[in-house]
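Participant: All chains, full assembly: derive it from the sequences and hints.
Protein sequence lines, in the order shown, are assigned to chains A and B.
Using my numbering, read the first sequence as starting at 1 and increasing by one per residue.
Using my numbering, read the second sequence as starting at 1001 and increasing by one per residue.
What the hints contain is simulated information worked out from the structure, not anything from laboratory work.
From a predicted model like this one, the values you see are computed outputs, not experimental measurements.
Mixed in with the good hints there might be a few duds.
[Said to hold, decoys possible] Taking lysine to any residue and the SDA-like style, the derived pairs with C-alpha atoms no more than 20 Å apart in a straight line are:
id	chain 1	residue 1	chain 2	residue 2
1	B	1257	B	1214
2	A	144	B	1144
3	B	1257	B	1282
4	B	1234	B	1214
5	A	257	A	239
6	A	144	B	1046
7	B	1257	A	260
8	A	144	A	310
9	B	1144	A	4
10	B	1257	A	279
11	B	1257	A	280
12	B	1257	A	144
13	B	1257	A	282
Protein chains: 2
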Amino acid sequence: MPLTLEGIAKLAGVSRSTVSRVINDHPSVRAEVRGHVQQIIRETNYQPHAAARSLVTHRTHIISVIIPESVTKLFTDPFFPLLLYGITATSNAHHYDLMLSLFNGPGEEGETYRRIIGSGNLDGVIVASAHLTDAVFLRLLQDKIPFVVVGRYPDESVNCVDVDNIGGARMAVEHLIGLGHTRIATLTGPLTMTHGADRLSGYRLAMAAHQLPVTDDLIFHGDYTESSGMTGAKQLLAASPTAIFVASDVMAIGALKTLREAGLRIPQDIALVGFDDVSIAAAVEPALTTVRQPIIRLGATATELLLSLLASRPAAGAAAQRIILPTELVVRQSCGAAGMIPGTSL
Amino acid sequence: MPLTLEGIAKLAGVSRSTVSRVINDHPSVRAEVRGHVQQIIRETNYQPHAAARSLVTHRTHIISVIIPESVTKLFTDPFFPLLLYGITATSNAHHYDLMLSLFNGPGEEGETYRRIIGSGNLDGVIVASAHLTDAVFLRLLQDKIPFVVVGRYPDESVNCVDVDNIGGARMAVEHLIGLGHTRIATLTGPLTMTHGADRLSGYRLAMAAHQLPVTDDLIFHGDYTESSGMTGAKQLLAASPTAIFVASDVMAIGALKTLREAGLRIPQDIALVGFDDVSIAAAVEPALTTVRQPIIRLGATATELLLSLLASRPAAGAAAQRIILPTELVVRQSCGAAGMIPGTSL
DNA sequence: GAAACGCATGGGAGCGCTCCCATGCGTGTT
DNA sequence: AACACGCATGGGAGCGCTCCCATGCGTTTC
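Facilitator: Spelled out as structure tokens, the structure:
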């Protein structure tokens, strides 16, 4: 029952080689023969054995997503599911299969890495991580596995795709400045992560561009959690800002609660801008003005970059690509630019 | 540089077969020889070529998760990420690799299915879907691929793992009854999905067990979305219930908003119980009483079941297993049982 | 002390493919 | 008319493993 190339060849009255040529679209097969073989393949529902094939071609048509992130963060955040969707859809469209590897514990990492990479099962890897310190990068580089990083990575030789965190943050803060704010505070993410650091840079750039002073009391270092948004907002109030740029929506929602409890009206007393545009951002009261990042496109672009790498088999040491996708300011109520009546300026 | 079995054999001064025996833990290798070979393997960082191996063993040590769900639902819902985590962690722990397949469009399904399954790349499959009509089941059955369904599946011959939706719903409703409610309405999920139907069954069982009448105006058929929670609550108010059992937290939050707008206090004027225990459930005001399902364990259990299937290679037609995991009632404020001060009964 | 057995080890075959080279045929060249 | 050449096709080799069988040796048995 397990049909092989040879079997199809016998059925079609040709040789194994000819069937192989048909399957691999080799030009030198007579159209008539090709048609006949294709029909037999269709009728028998034959499909070449992947292992046998990759044993000789050294290609598996499988790529892997490696997520070395700690578990909790991973699954609270709507970021990864969307990224994963972008990646899957794209790899499927290109007839590649997708393997998913989470490195859960630090202990697991070495063993899992070896199993995943060492067995020759993979054509390439997408690394979704913001931690620059992860050992994975070094190992992949050393093992000469083609890979693409989602996020910014400082090493010039690494291919990466990121969203424009700096530009997005800058845009958000300049929007606040445009509304007349001058005392603008910021609630940052962890600066050990590129997006955390970048969003702060964007804030600084915008302030500097308009000669607005940035004092230490205008900056609170959070960690993207709602509770850090709450404590951050409380602390920032001491500097009596008229607006706060918050580096994530989840933190912004924490801030919102605290500010409300303090008796402040948003946006009349204090304006708020978030980052991410998670689904709750539009649902809270008042709806959150925020910076939207194209997460699905991020995954799709990373996948496309990886696949193009695989297709061209570039000489090692070739210039790596880095792609930055634009972010977009979504103006809702919390910044005070739009009116409280959706769709109008009132 | 690509090290092979033969290479290791030469380095160790033994034969290819002996090295193979060491790798596969075959007993008949002298302890001394075994140790020596193992050391060489460690030193050289050798790893057997997966494709070559599976060409002869017909095993790949790869399992796949197939999610035939439509995209939107998939990635709004925190269910899938958690499920995926349970699956990955477990398969990793058992040294299995995980492939992820989303069937996005109906058109894509056939082609993707063929690519995934037909190539012999997979040892087994976990299907995460609640739609009984999906063609995947039939194809998997027909192709004799070992698989496990996450969710209840009526066919006796199918292995499946589910959470106790009926019991959970029943528990929730009985809790409300215990608090003195008699006019209890319900806001259901889509009844084409087993969990939607099961949660309604649980409601009916609880009501019947206490001789409480269930009239049509006490039931609204929603679709798990927040907006259907809003319209559902509005409509159910006509029956003036004193409590509503809502089949999902997201819908419950929609209902919450509508009820508030109608001037009702929760839980004083109307009690509310949700289902799922998503992370926002604890964050809303008042915190939502809800039924928690062990999603990570669900994924882990499904994976373990599949792996045990693979290990035992049961005769086709052997009795399938169905495992039901218990759900748990999480009592918070919205039902009126706990007081408004967390941690106390006031 | 010879036959019988057990265990550790080596080498051949073959899994299902792709690739290369050899073959055969039709066409174009001189 | 003889040759070279191109293209379509067939078959051998081999990818890196596992499995089976053959071999050789030490130990038991009567």
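Participant: Taking the hints in turn, state whether each one holds.
Facilitator: Hints, one by one, checked against the model:
no. : hint             : verdict
1   : B:1257 to B:1214 : violated (25 Å)
2   : A:144 to B:1144  : violated (38 Å)
3   : B:1257 to B:1282 : holds (15 Å)
4   : B:1234 to B:1214 : holds (18 Å)
5   : A:257 to A:239   : holds (18 Å)
6   : A:144 to B:1046  : holds (16 Å)
7   : B:1257 to A:260  : holds (18 Å)
8   : A:144 to A:310   : holds (12 Å)
9   : B:1144 to A:4    : holds (18 Å)
10  : B:1257 to A:279  : holds (17 Å)
11  : B:1257 to A:280  : holds (14 Å)
12  : B:1257 to A:144  : violated (54 Å)
13  : B:1257 to A:282  : holds (14 Å)
Consistency note: the structure conflicts with the earlier hints numbered 1, 2, 12.
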